[in-house]
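**Student:** Chain residues, written in single-letter form:
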Amino acid sequence: MNHSGDLLSATVDGEATTDERRLVEDHLVGCASCREELASITTARAAVRGLPMVAVPSSAIRPARRTLVRPSFAWAASGVAAAALALGLAVAPGEQGTTLDLDTLRDQHTARVVVDPGISTVRGPVGDP
Amino acid sequence: MSRRLLAGLVAAVLCVPVAAAADDSLEDLMENAGAGDFRGVGVVMCTWGRDSAAATYEVERSRGMSMVHGPDRDLMLSGSLVAVGSDAEWYALEVADWSSWSLSDRYTLGEPVATTRLGRPATAVTILEDGYPRARLVIDDESTIPLVTEVLDGEGRVFRLASLVEFEVDPGSEDHTMPEEYRHRTVMESTNASPRLPSQSVGYRLVDAYAAPGGGTQSYYSDGLFSFSVFESKRGKTPSEFEGTTRFGVEGEVYRRIVTPTNVWVHWNTPDNSYVLVGDLPPDHLIAVLQTLPEPGDRSIFVQLWRRLFG
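As you go down the protein sequences, you meet chains A and B in turn. Just so we're aligned, residue 1 is where the first sequence starts under our numbering, counting upward by one. Just so we're aligned, residue 1001 is where the second sequence starts under our numbering, counting upward by one.
No lab work stands behind these hints: they were computed from the structure. Misleading hints may appear alongside valid ones.
[What the hints assert, rightly or not] Cβ-to-Cβ under 8 Å is the rule here; a few derived chain A residues that face chain B:
| hint | residue |
| --- | --- |
| 1 | Leu28 |
| 2 | Asp101 |
| 3 | Pro117 |
| 4 | Ile119 |
| 5 | Pro125 |
Beta carbons: idealized from backbone N, C-alpha and C, even for Gly.
Chain A extracted, bound-state conformation:
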């Protein structure tokens, strides 16, 4: 068996099935690192459970309630965001850089080419775009 991982937490929380718990127990016999991990989980849980209960002020609850969103509203918000993104891409101007003018590029290339020797009788471009 591999290291128990999440099964350890489930066992400590009492959420593991009987078979899973038995599997973990068998593994713990021969695995020091999992025993160590089990000990630290148990200690952490005990520490958390030992903390005093504090009453939460009502002012803290209201904003938390506001963040609760019904799933249908979340989908609607996602849809609006996607639509805005698509609209932005569609409406906003496209590429902002300079569009290359092929005539100018052709002439610049030709000007440099003809300085060198060449085997062709056609030293300039013929029928270029």
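We have chain A; now place chain B onto it with these hints.
**Tutor:** Same frame as chain A, but now just chain B:
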């Protein structure tokens, strides 16, 4: 240079045995191809995958000046000055400074074979790349002008062919002069190379860098036989000429391509920059070169929105 001297020169260049054919012979051949006065009418065509293009042209060279009449514009070339336009209006570009030309040592000259072309004595030669044919030329013996130029792809198939169908040596036509007035004249000044582009790219050397429109840079690469420029600018709209053109993939990256009779054009964007490559390099070279350049990439949807809204 007199015809007789040229004839002697080409004979000396082309009649060397194969074993002794080295860079020097090929360099001489290429330099001589640019000398001599002639007038011709030619056809140039290119087949690249499913794309193909062809055009006719008229070319005349006299006293160091060349005129190329193409299907949609004319060019006048004199030294480092290029005039573009027509009888009605011209504009000019001039390269202020440039690095010296050199030929990659991967190219050698094959054995010359006597032939005829257009009823004239000529010599057929093959340019080899690492021992494999890369180009075949038929050179007029008298003038050293290439009458036919075939460039091969990586599998030995002709992908570009330029052939003169009319040819006249030293036609004695009236002197041409460069236009006296230009609508505008651009001087191409050297600038710092882009830090995103390599100084070497699979046999090609970054030779020069120039300022390009829109605050971008032009990086000019050459291996002495083929050349290409990579134009880098802040990311912008895709040029309309590339819309609907062939998309092709290299190692999973997607580019757009335009094939013209004399050049291939490639466009792609990275998240921050736009690139256009233009040059006469063969398809297999192009594939290898693209893998050394910045990879295509897109912005995340949020970056796109941010840039669209706030620049």
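**Student:** Hint by hint, note whether the structure agrees.
**Tutor:** Do the hints match the structure? See the list:
A hinted interface residue such as Leu28 (chain A) counts as satisfied when its beta carbon comes closer than 8 Å to some beta carbon of chain B; here the least separation is about 47 Å, so the hint is violated. For Asp101 (chain A), the interface hint holds, the least distance from its beta-carbon to any beta-carbon of chain B being 6 Å, beneath 8 Å. The beta carbon of Pro117 (chain A) comes within 4 Å of a beta carbon in chain B, closer than 8 Å, and the hint placing it at the interface holds. Checking Ile119 (chain A) against chain B by beta carbon gives a least distance of about 5 Å; that is within 8 Å, so the hint holds.
The beta carbon of Pro125 (chain A) is positioned within 8 Å of a beta carbon in chain B (closest approach about 5 Å), and the interface hint is therefore held.
Checked against the numbered hints above, the structure violates only hint 1.
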